[in-house]
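Chemist: Spelled out, the chains give:
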Amino acid sequence: MNVLVVLAAILFLLMTLIGGKKGAKSFLAIFFNFAVLLLIILLMNDPNLDPIILTFIACILISCITLFFINEVNSKTTIAFLSTLITIVILLFFIVLVNKMAMIQGFGEEEIEELSSYSLYIGIDFVKIGASVIIMSTIGAIVDVAISIASPMREIYLHNPSISRKALFKAGISIGKDILGTSANTLFFAFFGSYLGLLIWFKDLSYSLGEIANSKIFNAEMITILWAGIGVAMNIPITAWITASFLVMKKERKTD
Amino acid sequence: MEVIRNQLTNLTRKQIVLYTLLILFFISYILFVNYNYSFYKTPIAVIVETDLQETTETVDPFQNKDQVTTQHLTAQLKNGKEKGRLIHLINEYSTSGAYDHAFQAGDEVFVTIDSNGKELTGTIKEVKRDKYLLLMIWVFIFTLLMVGQKQGLFAIISLAVNAVLLSFALDVYIQTSATSLLLICSISAVLFTVISLFLVNGFNEKTYAAIIATLLGTFLSLLITYLVMEITSEKGLKYEEIQFITRPYQMVFMAGLFIGSLGAVMDVAITMSSSIFGVYEENPGISTKALRKSGLDIGKDIMGTMTNILFFAYISGSIPILILYLKNANPLGFTLSINLSLELARALAGGIGIVLTIPIGLYTAIFFVNRKRARG
Chain L
3 MNVLVVLAAI
13 LFLLMTLIGG
23 KKGAKSFLAI
33 FFNFAVLLLI
43 ILLMNDPNLD
53 PIILTFIACI
63 LISCITLFFI
73 NEVNSKTTIA
83 FLSTLITIVI
93 LLFFIVLVNK
103 MAMIQGFGEE
113 EIEELSSYSL
123 YIGIDFVKIG
133 ASVIIMSTIG
143 AIVDVAISIA
153 SPMREIYLHN
163 PSISRKALFK
173 AGISIGKDIL
183 GTSANTLFFA
193 FFGSYLGLLI
203 WFKDLSYSLG
213 EIANSKIFNA
223 EMITILWAGI
233 GVAMNIPITA
243 WITASFLVMK
253 KERKTD
Chain V
3 MEVIRNQLTN
13 LTRKQIVLYT
23 LLILFFISYI
33 LFVNYNYSFY
43 KTPIAVIVET
53 DLQETTETVD
63 PFQNKDQVTT
73 QHLTAQLKNG
83 KEKGRLIHLI
93 NEYSTSGAYD
103 HAFQAGDEVF
113 VTIDSNGKEL
123 TGTIKEVKRD
133 KYLLLMIWVF
143 IFTLLMVGQK
153 QGLFAIISLA
163 VNAVLLSFAL
173 DVYIQTSATS
183 LLLICSISAV
193 LFTVISLFLV
203 NGFNEKTYAA
213 IIATLLGTFL
223 SLLITYLVME
233 ITSEKGLKYE
243 EIQFITRPYQ
253 MVFMAGLFIG
263 SLGAVMDVAI
273 TMSSSIFGVY
283 EENPGISTKA
293 LRKSGLDIGK
303 DIMGTMTNIL
313 FFAYISGSIP
323 ILILYLKNAN
333 PLGFTLSINL
343 SLELARALAG
353 GIGIVLTIPI
363 GLYTAIFFVN
373 RKRARG
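If you're matching them up, the sequences are chains L and V in order. Taking my numbering, the leading residue of the first sequence gets 3, the next gets one more, and so forth. Taking my numbering, the leading residue of the second sequence gets 3, the next gets one more, and so forth.
These aren't lab readings, by the way, just hints derived from the structure by calculation. Keep in mind it's a predicted model, so treat the numbers as computed, not measured. Beta carbons are placed, not taken as given, at the ideal position from N, Cα and C, and that holds for glycine. Treat the hints loosely; a few may be bogus.
Claimed, not checked - For lysine-lysine, the following PhoX-like pairs were computed, each having C-alpha atoms within a straight-line distance of at most 25 Å:
| id | chain 1 | residue 1 | chain 2 | residue 2 |
| --- | --- | --- | --- | --- |
| 1 | L | Lys-179 | V | Lys-16 |
| 2 | L | Lys-253 | L | Lys-168 |
| 3 | V | Lys-127 | L | Lys-205 |
| 4 | V | Lys-120 | V | Lys-85 |
| 5 | V | Lys-127 | V | Lys-85 |
| 6 | L | Lys-102 | V | Lys-237 |
| 7 | V | Lys-133 | V | Lys-83 |
| 8 | V | Lys-295 | L | Lys-24 |
| 9 | L | Lys-23 | V | Lys-302 |
| 10 | L | Lys-23 | V | Lys-295 |
| 11 | V | Lys-291 | L | Lys-23 |
| 12 | V | Lys-133 | V | Lys-43 |
| 13 | V | Lys-83 | L | Lys-179 |
| 14 | V | Lys-80 | V | Lys-133 |
| 15 | V | Lys-133 | L | Lys-205 |
| 16 | L | Lys-27 | V | Lys-295 |
| 17 | L | Lys-179 | V | Lys-152 |
| 18 | V | Lys-152 | L | Lys-172 |
| 19 | V | Lys-43 | V | Lys-80 |
| 20 | V | Lys-85 | V | Lys-43 |
| 21 | V | Lys-152 | V | Lys-43 |
Said to hold, decoys possible - Stretch-level coverage of chain V by chain L, calculated; a stretch enters the list once three of its residues show a Cβ under 8 Å from a Cβ in chain L:
| id | stretch |
| --- | --- |
| 22 | 17-31 |
| 23 | 206-216 |
| 24 | 234-241 |
| 25 | 306-312 |
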């Protein structure tokens, strides 16, 4: 039997056992997200389509699946959805900029030997693909942070409907601060785990500090980690601000 | 304006020290990146002029169209014996840029000097990227401090300490190759968990409960994954395309899987224990049964998003290689199985760890709550 099939079966069993219907839905969501990712990768093969726009569409679909399918359409999830998209747009802009400057797109010299039989002139803009990789790596965490802030902020608002926008915003920031550390940690360790082979490689081949600091692969991976942290942090004030404005605006409209 | 003035007058002494340090750090960064040429032995050149030679349309055997351009670069050497002299370089780049770069005036590159006649000529070895890396580190620190303040600082410290620890653990592994990587990673995992959770959450019972739950959850999921790999004799895992391997690949894979899921498992464990303690503190008379129910509800809520985080963090890195394979006319099934099997296994194993940690975290937290109840 195939390792992946067995692992997937165990995961499905555990998720339904512990999570019930919601668990089963969460498991399905992973598969839908995988399908979206594959679809987008297939579309990226068309040189006429812009990878950045494709990435943005993928982010919309993935946020929909993670927020609206696992949970449901309500003010919490809608706010989280909006905040995710705004954060993604801002991040995409800066990521493309930095990727271009640092020239970290495509493949490094450590990888290129294995790929020597492949044609590299494939007409696809790898700078944009590189930005897509960074965004897609962090999309899960950005959605998570957005919903983790929007949801308790709504509770606070429901318990205390006369709260001012500023006070609500502050409460959101303080919730965000508490989850910042753990969310950033989740991503850091995920990346440490994937880059373990690379780190051992650098040490085995005794790269000098200067060589590591300028190597394309190391820079690409470090910059991905740093963007992940920045994305999660940036998402906090954005979500807090949108949630506060949205909830208070709704109240003002009601009283009019 | 008024907001800014208010903020300025509200600054505490600590904050003033912090911001001053940040500014000093930034200035030293600017100075460092602009004058660090002498730290390198390899010659560095700054491009001063680019001259487009010719552009040719290319079509590869798979009908992929691209443009390859040759540019002639004039650059000034910044270090070494020839410092200050001009050097001529030839660069070829494509619009896709999978393994080449278009250069502009102002870009810095490492070069080798080929001929040393009247006019220096050379070849480009590598792009100088250190200043962009430092810039990103600076932006990262700045954003985390601005948004997270104290918690942001702890997140940065936690990242730095864990990175140094990992590097040290790998040094130990490489120097004493007799010890198993898995053993070293297990010891490091315990340290990572203790350090990160204390930094993120402080010294209290919530943290103790989370540490125990994290360790139990991670080791249990690792055990399950190991058993599955044994029973299926690793069918379906394609190690051929695992990159950067100088060591037994299975070990590296297992160790990566182990460390990779640790952060997510920690997140689940701390969420479970904080919320159960939160519910208990709000209502100290609450029954264990009610506590269990609200804990389970929280667990159900985080299950989906947490597994998604790991999934995307692992799989997305493969996007460029998948595109390259597909564009080189490889069948989809082959492309996916050869490039994604390990990442998918990692994501699934991490997911198992996350889900298992929900009940483990729940019962550990309830155990600590009941102990507190018995004492108090």
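Chemist: Decide, hint by hint, whether the structure agrees.
Modeler: Quick rundown of the hints versus the structure:
Between Lys-179/L and Lys-16/V, the direct Cα distance comes to roughly 18 Å. Compliance with the 25 Å bound is thereby established for this hinted pair. The straight-line distance between the Cα atoms of Lys-253/L and Lys-168/L is roughly 14 Å, inside the 25 Å bound, and the hint therefore holds. The straight-line distance between the Cα atoms of Lys-127/V and Lys-205/L is roughly 21 Å, inside the 25 Å bound, and the hint therefore holds. Using a Cα cut-off of 25 Å, the hinted pair Lys-120/V and Lys-85/V holds, with the two alpha carbons roughly 15 Å apart.
Between the alpha carbons of Lys-127/V and Lys-85/V the distance comes to roughly 18 Å, so the proposed pair stays at or under 25 Å and holds. For a cut-off of 25 Å, the pair hint linking Lys-102/L to Lys-237/V is broken: about 40 Å separates their Cα positions. For the proposed pair Lys-133/V and Lys-83/V, the alpha carbon gap of about 23 Å is at most 25 Å, so the pair holds. A distance of roughly 15 Å separates the Cα atoms of Lys-295/V and Lys-24/L; the hinted pair therefore holds under the 25 Å criterion.
Of the supplied pair hints, the one linking Lys-23/L and Lys-302/V holds, its CA atoms being roughly 9 Å apart against a limit of 25 Å. Straight-line distance between C-alpha atoms of Lys-23/L and Lys-295/V comes to about 15 Å, which keeps the hinted pair within the 25 Å bound. Only pairs whose Cα atoms come within 25 Å are accepted, and Lys-291/V paired with Lys-23/L is accepted, the gap being roughly 21 Å. Between Lys-133/V and Lys-43/V the alpha-carbon distance is near 17 Å, which keeps this suggested pair within the 25 Å criterion.
Between Lys-83/V and Lys-179/L, the direct Cα distance comes to roughly 52 Å. Violation of the 25 Å bound is thereby established for this hinted pair. Under the criterion of a C-alpha separation no larger than 25 Å, the hint pairing Lys-80/V with Lys-133/V is consistent with the structure, at around 15 Å. Among the hinted pairs, Lys-133/V with Lys-205/L is consistent with the structure: their alpha-carbon atoms are about 22 Å apart, no more than 25 Å. Proximity of Lys-27/L to Lys-295/V is assessed by CA-CA distance (about 20 Å); at most 25 Å being required, the pair is judged to hold.
A distance of roughly 9 Å separates the Cα atoms of Lys-179/L and Lys-152/V; the hinted pair therefore holds under the 25 Å criterion. Proximity of Lys-152/V to Lys-172/L is assessed by CA-CA distance (about 15 Å); at most 25 Å being required, the pair is judged to hold. For the proposed pair Lys-43/V and Lys-80/V, the alpha carbon gap of about 11 Å is at most 25 Å, so the pair holds. Simply put, Lys-85/V and Lys-43/V have alpha-carbon atoms about 12 Å apart, close enough for the 25 Å limit, and the pair holds.
For the hint pairing Lys-152/V with Lys-43/V, the CA-to-CA distance comes to about 40 Å; that exceeds 25 Å, so the pair is violated. For a cut-off of 8 Å, the count of residues in the stretch 17-31 of chain V with a CB near a CB of chain L stands at 0, and the three-residue condition is violated. Interface restraint, the stretch 206-216 of chain V with chain L: violated (0 residues with C-beta to C-beta distance below 8 Å; minimum three). Chain L is given as covering the stretch 234-241 of chain V, and this holds because 5 residues of the stretch bring a CB closer than 8 Å to a CB of that chain, at least three being needed.
Closer than 8 Å: that is the beta-carbon criterion, and the stretch 306-312 of chain V has 7 residues meeting it against chain L, so the requirement of 3 holds.
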